[in-house]
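S.K.: Put the two chains together into one complex, using the hints given.
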Amino acid sequence: MKIAISSEGPSLESKVGHRLGTSAYLIIVNLETMAFETLKNPSTSSGRGMQAVAFAIGQKVDAVLTGYCSPAAESYLTAYNIEVITGKEGTVSHVLDQYKPTKYSLPNSSLARPGKTLRQNVSEALLKTAGQFGKMLPILISIVLLMGLFKAFISRELLLSIFSGNKILDTIWGACFGSILPGNPINSYIIGGEMLKNGVNLFAVTAFMMTWVSVGIIQLPAEMVALGRRFSILRNTMSLLLSIGIAIATVLVFNLIGG
Amino acid sequence: MRSFVFLGVVIMVYGILFTIVPDKTLLALTGGMAIFLRIGIALILVFVLIFTLNLFLKPSHLTRFLGKESGIKGVTISALAGIVSVGPIYAWYPLLKELKARGVKTSLIAIFLNDRAVKPVLLPIMISYFGWVYVLIFTLATILGSLACGFLVGVATGEGM
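Sequence lines, in order, name chains Z and R. Note that the numbering used here has the first sequence beginning at 396, numbered continuously upward. Note that the numbering used here has the second sequence beginning at 58, numbered continuously upward.
Only chain R is shown next, with the shape it has when bound in the complex (with noise of 0.2 Å):
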C-alpha cells in the first residue's frame, strides 16, 4: 500500500511540475520511459528467476536451520538465507529477534543482515548497467564484507564467529 502512496507522490509531483515548466516534465517523462526500456528485458527476465526460485526452493528451508548451526555450517547457512530471504527486512526483525533471544550468535544475524544485499535474481538489471564482470566482482566482494561485518561484530560483542 505505501509503495502505491509513493508512486502517487511521484505522479503528483509530475503533474505539478507540468504545470510549470511542462517542457521539462515532459523531457523527464521522456527520460524515464527510456529508462524503463532499457531496463525491459532484463526485468523479464528477473520475473522468469524469481519464478524459478518459488518454484524450487522456499526460504523457510533454509531459515529452519538459520541459528540451529556453527561455524562455517552456521555461517554459510546465515549467508545463504540472506541470500534467498526475500520481502522488507522489518519482516525479518522478529525471527531475527527470537533467534537472537534464543542464544544465536549476533554475528550470524550480522551476516545474514548484510547479505540480503545480495539477490542473485535481480542480477539481470545490474549486469544490463554496469556489465557481468563487475557484477561478479561486487557480489563477491558484498559477500565477502557480510562475513567481515559479521567477524567484526563478533570480536566487538566478545561472541566470536
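Only chain Z is shown next, with the shape it has when bound in the complex (with noise of 0.2 Å):
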C-alpha cells in the first residue's frame, strides 16, 4: 500500500505540508516496506492544485495526508478509491507512525486493528499469502524441473569431477556457485539438497546455501547505486570470505553433535 504525504521539505523530519495543493513536496511511502521517495509537487504556483490530486492518482497511491484539501480535489481523489486524510500536523514521520488505514487493505497494524473483524484480517492475510506464494511458485517449479534436467543429464561422475572431495577447495567452489545468482532461500535449500543427494559433500552444499542470499554478483551493480561502491565490495567481500569459514564450522558442530 503506497500513501501520499504533503510535505514543506523533502525529509521525513519536515512539516506536514498545510494544503495538498501548494505544498512544495509530496513524499511516497510504500508501507510494506517503508520505502519512500521524495517528489516535487507539481503545482505549486497558485491556482493549479489540482496537478498534485493528478499527480498522486498518477503515483497510484491509496491514501493522501494532508493538511487541508479541497472539496474537489477530495472527491476526484475519493473518486479513484484514494482516501483523503485531512487536518494533519507536525512532521511527516509523526504523521505516518500514527497512521492507521481504515477503509483499504493495510499492511500496518495488526490483527487487533480497530474496524476489522478478524473475519476481514484472515481473508487480507490468506490473500496476501496467496499472492506472495503465486509469486514464488512459478520459480520454484522452474528450479524443480531444473533439478530434474540436472539429475538426469549432469552424471555423477561430472559433478565429483568439480567437487573432488577436499573439504577446503569443496567449500570455496559451493560459496562461488551461490554467490552468482542471488535468490529466494527456499530454492538453495531444494538445489543444495539434491546436490548433496548427488554426493556433493555437506561442506560445498552449506557454503552453497550461506552465499546464496548474502552474496549476489548479478545484483551487485544494483547495490552499489544504491548502497554506494565501497560498502557493496566490502559486504559482498565479508560475506564470501565468512561463509567459507562459517560453513566448514557448521559442519564440524553438525558432525560432533552426531549429525
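Don't take every hint at face value.
Said to hold, decoys possible - No farther apart than 30 Å at their CA atoms in a straight line, the calculated lysine-lysine pairs in the BS3-like style are these:
(1) R:Lys-157 x Z:Lys-455
(2) Z:Lys-397 x Z:Lys-410
(3) Z:Lys-455 x R:Lys-154
It should be emphasised that the hints constitute simulated quantities derived from the structure, not laboratory data.
M.R.: See below:
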C-alpha cells in the first residue's frame, strides 16, 4: 500500500504541508517496505492545485494525508478510491507513525486493528499469502524442473570432478556457485538438497546455501547504485569470506553433535 | 512476470530436449515430479507459516524502528527486520538508501541484508532435506555470520557497530 503525504521539505522530518495543492513536496511511502521517495509537487504555483491530485492518482497511492484538501480535489481523489485524510500537522514521520488505514487493506497494523473483523483480517492475510506464494511458485517449479534435468543429464562423475572431496576446495567452490545468482532461500535448499543426494559433500552445500542470499554478483551493480560502491564490495567480499569459514564451522559442529 | 518468463524458458528447454532425447527428458520430468512430491507437505506448512506471519506480524512494524536505534537494540532490530523482510532485495534498496543517507550505520544495513537469508517460514523445506539439527546449527551460524559481517563492515568503514 502506498500513501502520499504533503510536505514542506524533502525529508521525513519536514513539516506536513498545510495544503495538498501548494505544498512543496509529496512524500510517497510504501507501507509494506517503508521505502519512500520525495517528489517535487508539480503544482506549487497558485491556482494549479488539481495537478497535485492528478499527480497523486498517477503515483497510484491508496491514501493522501495532508493539512487541508479542497472539496473538489477530495472528490476527485475519492473517485479513484484514494482515501483522503486531512487535519494532519507535525512532522511527516509523526503523521506516518500515527497513520492507521481505515477503509483499505493495510499492512500496517495487526490483528487487533480497530474496525476490522477477525474474518476480514484472516481473509486479507490469506489473499496476501496466496499472492506471495503465487509469485514464488513459478520460480520454485522452474528450479524443481531444472533439478530434474540436472539429475538426468549431469552425471554424478561430472559433478564429482568439480567437487573432488577436498573439504576446503569444495567449500570454496560451493560459496562461489552460491554467490553468482541471488535468490529466494527456498530455492537454495532444494538445489543444495539435490546436490547432497548426488554426492556433493555437506561443506560445499552449506557454503552454497549460505552465499545464495547474502552474496550476489549479479545484483552487485544495483547494490552499488543504492548503497555505494565501497559498502557493496566490502559487504559482499566479507560475506563471501565469512560464509566459507562459517560453512566449515557449521558442518564440523554438526558432525560433532552426531549428525 | 519475470518468474513466468523463466518458467516458460525452462518448459521450452524441456520441449526442445524432448524432440532430441525423449527418454532422458521424460526421466528428467519424473525426477522433477519426485522432488515436488518430496517437498509437497513442507510446502503446505510453509504456506501456513507465511499466512500466520501475515496475520500477526507486519514487517513495517520493525522497519519503522530500523535505524532509530543503535547499539545492541539497533543490531537486534536490524537482524529481526532482515529476518521478517519479504520480497526481492531490490525492492528494499530505496529504503536502505534513504536510511544510509540519513546516517544509519552501514554495519546495521549489512546485518539487515545478510539476515534476509534466515527465513523461519521456509525452514520446513530445509528440514525435509537436511534434518532439524543441521537446520538449527545452520540458522544460528547464519545469524552469527551476519553479525560478524556487520561488525567487519563497521570496522572497515570506520563507523564501528
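S.K.: Hint by hint, say whether it matches the structure.
M.R.: Verification of the hints:
1. R:Lys-157 x Z:Lys-455: holds, 26 Å
2. Z:Lys-397 x Z:Lys-410: holds, 19 Å
3. Z:Lys-455 x R:Lys-154: holds, 22 Å
In this structure, every one of the numbered hints holds.
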